[in-house]
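Student: Go by the hints and put chain E onto chain R.
Going line by line, the protein sequences match chains R and E. Residues 6 to 349 (the working numbering) are what the first sequence spells out, left to right. Residues 6 to 349 (the working numbering) are what the second sequence spells out, left to right.
Derived from the structure by calculation, the hints contain no laboratory data. All values reported here derive from a predicted model rather than from experimental measurement. It is possible that some hints are incorrect.
Stated by the list, open to error - Label-pair distances were calculated between CB atoms; the ranges are:
1. Lys107(E) x Arg191(R): 21 to 31 angstroms
2. Val194(E) x Leu69(R): 32 to 42 angstroms
3. Glu10(E) x Asp312(R): 21 to 31 angstroms
4. Glu158(E) x Tyr270(R): 39 to 49 angstroms
5. Glu225(E) x Gln323(R): 43 to 53 angstroms
Said to hold, decoys possible - With a cut-off of at most 30 angstroms between alpha-carbon atoms, the simulated DSSO-like pairs for lysine-lysine come out as follows:
6. Lys265(E) x Lys322(E)
7. Lys30(R) x Lys35(E)
8. Lys21(R) x Lys155(E)
9. Lys322(E) x Lys166(R)
10. Lys30(E) x Lys155(R)
11. Lys21(R) x Lys166(E)
12. Lys35(E) x Lys35(R)
13. Lys199(R) x Lys265(R)
14. Lys35(R) x Lys25(E)
15. Lys340(R) x Lys265(E)
16. Lys166(R) x Lys322(R)
17. Lys340(R) x Lys107(E)
18. Lys340(E) x Lys21(R)
19. Lys35(R) x Lys21(R)
20. Lys166(R) x Lys25(E)
21. Lys155(R) x Lys25(E)
22. Lys155(R) x Lys35(E)
23. Lys35(R) x Lys107(E)
24. Lys35(E) x Lys322(R)
25. Lys307(E) x Lys226(E)
26. Lys30(R) x Lys155(E)
27. Lys21(R) x Lys226(E)
28. Lys25(R) x Lys155(E)
29. Lys207(E) x Lys265(E)
30. Lys340(R) x Lys21(E)
31. Lys35(R) x Lys155(E)
32. Lys25(R) x Lys340(E)
33. Lys322(E) x Lys155(R)
34. Lys226(R) x Lys35(E)
35. Lys166(R) x Lys28(E)
36. Lys216(R) x Lys21(R)
37. Lys265(E) x Lys155(R)
38. Lys21(E) x Lys35(R)
The C-beta atom is built at its ideal place from N, Cα and C for all residues, glycine as well.
There are 2 protein chains.
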Amino acid sequence: MQRTEISTLGEFGLIKHLTKDLKTKQTSTKKGVGDDCAVMDFNGEGLQVLMTSDMLLEGIHFNLEYVPLKHLGYKAAVVNFSDIYAMNGTPTQITVNLGVSKRFSVEDLEELYSGIRLACERYGVDIVGGDTCSSMTGLTISITCLGVAKPDEIVYRNGAKQNDLICVTGNLGTAYMGLQLLERERLVVQGNDKATPDFQGKEYLLERQLKPEARRDIIEKLREAGIHPTAMMDISDGLSSELLHICGQSGVGCAIYEDKLPIDYQAVVLAEEMNLNIVTCALNGGEDYELLFTCSLNDYEKLVPIDDIYLIGHITKQEQGTLLVGRNGEELPLKAQGFNAFEG
Amino acid sequence: MQRTEISTLGEFGLIKHLTKDLKTKQTSTKKGVGDDCAVMDFNGEGLQVLMTSDMLLEGIHFNLEYVPLKHLGYKAAVVNFSDIYAMNGTPTQITVNLGVSKRFSVEDLEELYSGIRLACERYGVDIVGGDTCSSMTGLTISITCLGVAKPDEIVYRNGAKQNDLICVTGNLGTAYMGLQLLERERLVVQGNDKATPDFQGKEYLLERQLKPEARRDIIEKLREAGIHPTAMMDISDGLSSELLHICGQSGVGCAIYEDKLPIDYQAVVLAEEMNLNIVTCALNGGEDYELLFTCSLNDYEKLVPIDDIYLIGHITKQEQGTLLVGRNGEELPLKAQGFNAFEG
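If we strip away everything but chain R, and leave its shape as in the complex, we get:
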């Protein structure tokens, strides 16, 4: 593969190269890449603007030994879209800041950018700016995303009420198990030229880790069904952690049921193999980018026909605590074990 040094293009040349044939599609985008700022017009439709920002650092959030750059770009964009959907909004624009060391070639960055662009095309989002600069070590990606929503449709974290249903989409802990699989196979292959990683029968786990999607489909279905969640978040740091945020900000308690947690069978198989507790993984594994939401008991009938939404419990009074009810009826306090990036 060709390797073009970034220094042959320089900073401006690099940005120009990566963004040269970008076309904007959002009517709100008035000016994209190429000036001091991007310009957006959100007037006239009564919409409010949502803004979210995420940073991904090499060695912390991703390992390029097994994460292809294109997937990384895709994921870096999608995790931001997921935050916008989690407010019941629609993502519209992003800016992309990249810090890259000399290890990376222009072709590498094209790969990364092609993933970002693919995600933007799929979700109808415009790339409107960004900064590209050299770094001493590794790759840093910082993306900021704007979105829009009607003011009365925005869903915050603080609206959960006693007796509300607690729902999640998709399945839980799968992205985390995908990461475990990648790490295991990396160690198998390491220092052994003849070994190849074995992912057979577990491709779905990899997909969930390497190429997550934001649940735009669920947001659309809830809207069509006339369901307005009372609180909502996306699950980026694990179910327990997110649910404790909702309960804390809403001033309520919760009870969720171990046997109701949606878990994929490939994840169960791998957890067995690796001697991991799959329930712990489902509660605390991050990066699933599924939605966690609460809604009124009155919405139950409307909720049932929608695919891929699972009722896992209900909201209680604050005094009742935040509980996980086990298979034998035992009650355990929910803990945000998460995977604290500042520890270890």
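Tutor: Leaving out everything else, chain E in the frame of chain R:
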């Protein structure tokens, strides 16, 4: 000084700690820190939204041996405000993404954040979100800023016309000379316990490097005087580089005059001492965050009474090239030497 490890707070604890008593002031800010997204309402006033983003990396953009963290925070915010003013807009909200290694304590980040907050207070900007995560090495700061402007008041880079006046504010090359001074004194002190850095008589150079301001005052004065620039940029990468952007995007040429370039006397003195060509520094030294703009010849009368604006030349036909006219009338092609962060 007390040192609290970041791991004692964890990621959420850290964000909460750093943002705990933030008050939002912009009427457009509906929801700040604490949910998946910030929420803004830009409706009803016919304003367009501006968005800009900048990334600062340790070892590339700053050296913590001589840059105090509070100043760094201040500067990281102000450089974004500068981009918004350069479009003739008003900055309104920022999100702050930080990547920090274990070398940094909670107190360090408080310092950094206090600088960001001070800048936001001075410029009336709300901090509405961000991400804080650990990094393998060093400090990474990525800030995204939103601003507003009336659609017909936004100034792009592509509007310069033949015969327009070329103006700059403040003085040029000063921040670059400040950096040279800091580097020189760092080397003097290095490995010599008894030596102390000598900045006497050159404090202004340090201020320009360490604590730049965005030229809100100029934007306000131009507005009051009824002057609408035809093209504008802030000078972050050096006058030559920026002027070539304006000429390129506007499809015009330019002639600027060496003897018209505003240069501070402290910068001249240091350039003498260090055997540097001060004109080269003024043309190519970055980080001044002054404004470069073009305006109609008809605005000349209105322009003259405004303090701290300097006419340095005029816009010509594209065929005439982009020229620097020396003190003896010699014409040299303008080059964007800049200080390419991808070279060396």
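Student: Look at each hint and say if it fits the structure.
Tutor: Hint check:
The given range of 21 to 31 angstroms is respected by Lys107(E) and Arg191(R), whose C-beta atoms sit roughly 24 angstroms from each other. Checked against the given bound of 32 to 42 angstroms, the beta carbons of Val194(E) and Leu69(R), roughly 38 angstroms apart, stay inside it. For Glu10(E) and Asp312(R), the Cβ-Cβ distance of about 46 angstroms falls outside the hinted range of 21 to 31 angstroms, so the restraint is violated. Between Glu158(E) and Tyr270(R) the beta carbons are some 59 angstroms apart, a value that contradicts the proposed interval 39 to 49 angstroms.
For the hinted restraint 43 to 53 angstroms between Glu225(E) and Gln323(R), the CB-CB distance of approximately 50 angstroms keeps it satisfied. For the given pair, Lys265(E) sits about 21 angstroms from Lys322(E) by alpha-carbon distance, which is consistent with the 30 angstroms threshold. The straight-line distance between the Cα atoms of Lys30(R) and Lys35(E) is roughly 27 angstroms, inside the 30 angstroms bound, and the hint therefore holds. Under the criterion of a C-alpha separation no larger than 30 angstroms, the hint pairing Lys21(R) with Lys155(E) is consistent with the structure, at around 28 angstroms.
Annotation: proposed proximity of Lys322(E) to Lys166(R) is violated, straight-line Cα distance about 67 angstroms (limit 30 angstroms). Distance check on the hinted pair: Lys30(E) and Lys155(R) sit about 22 angstroms apart at the alpha-carbon level, within 30 angstroms; holds. Using a Cα cut-off of 30 angstroms, the hinted pair Lys21(R) and Lys166(E) holds, with the two alpha carbons roughly 24 angstroms apart. Using a Cα cut-off of 30 angstroms, the hinted pair Lys35(E) and Lys35(R) holds, with the two alpha carbons roughly 24 angstroms apart.
For the suggested pair Lys199(R) and Lys265(R), the alpha carbons sit about 43 angstroms apart, so the restraint of at most 30 angstroms is broken. Proximity of Lys35(R) to Lys25(E) is assessed by CA-CA distance (about 35 angstroms); at most 30 angstroms being required, the pair is judged violated. A distance of roughly 66 angstroms separates the Cα atoms of Lys340(R) and Lys265(E); the hinted pair therefore is violated under the 30 angstroms criterion. Restraint check for Lys166(R) and Lys322(R): satisfied, since their Cα atoms lie roughly 8 angstroms apart, inside the 30 angstroms limit.
With a CA separation close to 25 angstroms, the supplied pair Lys340(R) and Lys107(E) stays within the 30 angstroms bound. With a CA separation close to 18 angstroms, the supplied pair Lys340(E) and Lys21(R) stays within the 30 angstroms bound. Note on Lys35(R) and Lys21(R): the hinted pairing holds, with a Cα-Cα distance of about 19 angstroms set against a maximum of 30 angstroms. Between Lys166(R) and Lys25(E) the CA atoms are separated by roughly 25 angstroms; this keeps the pair inside 30 angstroms, and the hint holds.
Restraint check for Lys155(R) and Lys25(E): the C-alpha separation of about 28 angstroms stays at or below 30 angstroms, so the hint holds. Pair hint Lys155(R) plus Lys35(E) holds up; C-alpha atoms about 13 angstroms apart against a cutoff of 30 angstroms. The suggested pairing of Lys35(R) with Lys107(E) is violated, with an alpha-carbon distance near 42 angstroms, which exceeds 30 angstroms. Pair hint Lys35(E) plus Lys322(R) holds up; C-alpha atoms about 28 angstroms apart against a cutoff of 30 angstroms.
A threshold of 30 angstroms between alpha carbons decides the hint, and for Lys307(E) with Lys226(E) the separation of about 10 angstroms falls inside it, so the pair holds. Between Lys30(R) and Lys155(E), the direct Cα distance comes to roughly 22 angstroms. Compliance with the 30 angstroms bound is thereby established for this hinted pair. Distance hint between Lys21(R) and Lys226(E) is unfulfilled; the C-alpha atoms sit about 34 angstroms from each other, more than 30 angstroms. Pair hint Lys25(R) plus Lys155(E) holds up; C-alpha atoms about 28 angstroms apart against a cutoff of 30 angstroms.
Taking the CA atoms of Lys207(E) and Lys265(E), the gap is near 23 angstroms; set against the 30 angstroms cutoff, the hint holds. At roughly 18 angstroms between alpha-carbon atoms, Lys340(R) and Lys21(E) fall within 30 angstroms of each other, so this suggested pair holds. For the proposed pair Lys35(R) and Lys155(E), the alpha carbon gap of about 13 angstroms is at most 30 angstroms, so the pair holds. The straight-line distance between the Cα atoms of Lys25(R) and Lys340(E) is roughly 23 angstroms, inside the 30 angstroms bound, and the hint therefore holds.
With a C-alpha separation of about 48 angstroms, the suggested pairing of Lys322(E) with Lys155(R) is violated against the 30 angstroms cut-off. Proximity of Lys226(R) to Lys35(E) is assessed by CA-CA distance (about 27 angstroms); at most 30 angstroms being required, the pair is judged to hold. As the CA atoms of Lys166(R) and Lys28(E) are separated by approximately 27 angstroms, the hinted pair is consistent with the 30 angstroms bound. Restraint check for Lys216(R) and Lys21(R): the C-alpha separation of about 27 angstroms stays at or below 30 angstroms, so the hint holds.
Using a Cα cut-off of 30 angstroms, the hinted pair Lys265(E) and Lys155(R) is violated, with the two alpha carbons roughly 52 angstroms apart. Between Lys21(E) and Lys35(R), the direct Cα distance comes to roughly 35 angstroms. Violation of the 30 angstroms bound is thereby established for this hinted pair.
Figure legend: structure checked against the earlier numbered hints; hints not met, in rising order: 3, 4, 9, 13, 14, 15, 23, 27, 33, 37 and 38.
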